[in-house]
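Trainee: This is what each chain is made of:
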Amino acid sequence: MTSPDLSGLAGNALLEYLISTADDERALAQLYALTSGRLNALLRRMLRDDGAAAEVLQDVYVTVWKRGTTYDPARSTPMTWLFTVARNKAIDRLRADRTDANTLEPGVEENVRDPGVTAIERLEWQDDLLRLHDCLTTLDANQRSAIRAAYFDAFTYQALATRAAVPLSTMKSWIRRGLMQLRTCLERKP
Amino acid sequence: MPEDSGDKSIHAAEIALGLTAPTAADAGLDAEVAQWEERLAHFAQELPPEEPPPAIWSAICSATRPAMPPWWRGALDSLAVWRSLSALGFAAAVVALVLLPRSAPITPSPPGRTLLVSSLRQKEGTPLYVVTYDPARMLIVAVPAGAQPARGVIPKLWLVPRDVETPVALGLIDPLATTAFRLTIGLQKVPDCDSGLVVTLEPEGLPLDTEARGAVVAHGRLGAF
Chain A
1 MTSPDLSGLA GNALLEYLIS TADDERALAQ LYALTSGRLN ALLRRMLRDD GAAAEVLQDV
61 YVTVWKRGTT YDPARSTPMT WLFTVARNKA IDRLRADRTD ANTLEPGVEE NVRDPGVTAI
121 ERLEWQDDLL RLHDCLTTLD ANQRSAIRAA YFDAFTYQAL ATRAAVPLST MKSWIRRGLM
181 QLRTCLERKP
Chain B
1 MPEDSGDKSI HAAEIALGLT APTAADAGLD AEVAQWEERL AHFAQELPPE EPPPAIWSAI
61 CSATRPAMPP WWRGALDSLA VWRSLSALGF AAAVVALVLL PRSAPITPSP PGRTLLVSSL
121 RQKEGTPLYV VTYDPARMLI VAVPAGAQPA RGVIPKLWLV PRDVETPVAL GLIDPLATTA
181 FRLTIGLQKV PDCDSGLVVT LEPEGLPLDT EARGAVVAHG RLGAF
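Just so you know, the sequences run in chain order A and B. The opening residue of the first sequence carries number 1 in the numbering used here; numbering runs sequentially from there. The opening residue of the second sequence carries number 1 in the numbering used here; numbering runs sequentially from there.
Read the hints as simulated data drawn from the structure, not as lab findings. Positions of the beta carbon are idealized from the N, C-alpha and C atoms, including for glycine. A few of these clues could be false.
Derived Cβ-Cβ restraints for the label pairs, each shown as a range [said to hold, decoys possible]: (1) Arg-182/B <-> Asp-134/A: 47 to 53 Å; (2) Asn-88/A <-> Pro-127/B: 20 to 26 Å; (3) Ser-173/A <-> Pro-22/B: 51 to 57 Å.
Taking lysine-lysine pairs in the DSS-like style, the calculated list, with each CA pair at most 30 Å apart, reads [stated by the list, open to error]: (4) Lys-89/A <-> Lys-66/A; (5) Lys-172/A <-> Lys-8/B; (6) Lys-8/B <-> Lys-89/A; (7) Lys-89/A <-> Lys-172/A.
Chain B with its partners taken away, still in its complex shape (with noise of 0.2 Å):
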């Protein structure tokens, strides 16, 4: 380690621009080290910000949180939890609904476009839809997957966010045919990688913006695609 203050502070310099590796005498410079790096942080600051590609915080918020917590597994698979969640109160979804779903058109994402995707499954893991979301239009297409139509009951999709304790209804969806809701702005969580995705088979007649009543059939989870 240099002895002069002057040439401590060069050496000091050169660690912080990575020119010499640090060693064990240079534990003494880490405040002149941090200082340097503060200084020198402004070439970093003189960028121009630039928006990173949606895709990378999918990914590490998948990185980052590898597992759901207990009531959201609960939730997936207990119609009894369903239920007690609509006694507790549907309010905030059914508010958030009429700010919701609007059908919206198709058109197909732009190539490069950053897309969420789930395989909806069955408790035993049959698939009966993929649900894809595109951040960018806040578009979430559903397509059936093995799914089939039954009497007297109508799918039902449901977005569950991760720190939101009440499902949102997004809509009715056609077993036979891909259907698509376009979030509106006004929704205070929109799906990311942590949220899950539900289906459940209401009966029919009822109106949509009302609780949850039937089972639940199949649940995934959104991803980086």
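The following block holds chain A by itself, in its conformation from the complex (with noise of 0.2 Å):
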């Protein structure tokens, strides 16, 4: 797989681009062309529909052409900006469409893709995001899947712990204690 290099200079070039997309007509399209890629993966693996997210794609890019200089460097990187706005749109967009999350069966839970790390992707990958997958394998199965399906499938408590057919108060206690486990790993590894 690729994985464009995010920090440094495309990093820098990014948040030139990011800044300057309400004065320069250009910086939309080049910041369009360095990260359209990555949100689109991001979306298709959200809303698990291309029209659907063809839509939000162009909804953001609309949004950050108008929000663009709303953008604070000092709360978080470009990447992180771009990828925080398509996914609460993507969020918005799976909750309003689904009427009734409890209505999930029980025991049907999605076979949450763990994608492992071969030798080639670790040479590729950036540290932190090593570090992420390394600390994650450290959590339980159920912690591990309940956060990869809070973040990719906007699912609110309520729809984790029917999908995975326990309490809510279980649920609960998986996030919480993955959360923690995970800040503490990734805050430990250098």
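Since each chain comes alone in its own frame, lean on the hints to assemble the complex.
Mentor: As structure tokens, this is what we get:
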């Protein structure tokens, strides 16, 4: 797989394009060229519908064009800000489409992909991405699955509990303990 | 808002994950939420990039570029402006022309292919040509849609990229038959949904690689089909 370096020079370029979208017509095009593949992958994964992903992706960049000047470099990296904008829009879309998440049948938990890491991916991935992957592997399988599903599928606690056929309190415990472990692991590793 | 710092961090993570909606009381957690967004963004980064369909960019730039700049409108309607452009130098266009148009065989675009389309109309709105651009194949096809041949002149198609000062000559077109141009690598500015297209009527017998001498008879703007 390819995983462009989004830090360093590429990150600086993103920052420049992001803060210039309102004034420079070409900045949005450059930003799109550098980032649309990643946002498209995220939206297709979350929405599982190419048409919906295309609509949301378009909406994301129009929003960026309108709100690029509100981006705060002190708060997050450009790519994280873009992921957050895209993900929030996908969550809105998913939750609007789900008339009642609680109607999910118990026990039909999706087989959440845990991609594993090949030797080549280890070479290509950035350190922090590898660190996240390694820290996730230290979590209990239920915790890991629930956190990934919360991120990619935008399920509520209740929906996640229904999906895993466990009480709501159990699901909250899995996720909260998993997040605590994850934070500790990420902060500990160099 | 939770009191304990560990609880605050987890609450911030829940906000970042979308499991909890932030309230006014969570305003002080912004930095913590941002930190979690940064951590969790690595989930998205592990996905291999997937190039979106070309139509999405077309739609985005249509939505964000609703108006043509004034010089563009003027250029479309004013022969004087065209002549002044010529006087300023069409060297760039000539250079591009050398790189650019080649008559191309026309084969149907595969299903699902995104095309940009423009109806080139006279000033009063009468259509003369329909032009399609297939970005994947860099193929421009001009089809007559009301154009009539005229003695002593021949239509010539020009590309007017939005942010390029000098129109780019694509080549002579047939008023009675379909004409196709394959844009070659080396073209610095390819058509997109910001681009205009213009047809002039050029005196017959002049070399192809020259400046615009004739009147603008039709114009249009490329848009997503």
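Trainee: Each of the hints needs a verdict: does it hold here or not?
Mentor: Right, here's what the structure says about each hint:
{"no.": "1", "hint": "Arg-182/B <-> Asp-134/A: 47 to 53 Å", "verdict": "holds (50 Å)"}
{"no.": "2", "hint": "Asn-88/A <-> Pro-127/B: 20 to 26 Å", "verdict": "violated (43 Å)"}
{"no.": "3", "hint": "Ser-173/A <-> Pro-22/B: 51 to 57 Å", "verdict": "violated (22 Å)"}
{"no.": "4", "hint": "Lys-89/A <-> Lys-66/A", "verdict": "holds (15 Å)"}
{"no.": "5", "hint": "Lys-172/A <-> Lys-8/B", "verdict": "holds (15 Å)"}
{"no.": "6", "hint": "Lys-8/B <-> Lys-89/A", "verdict": "holds (25 Å)"}
{"no.": "7", "hint": "Lys-89/A <-> Lys-172/A", "verdict": "holds (24 Å)"}
The earlier numbered hints that this structure contradicts are 2, 3.
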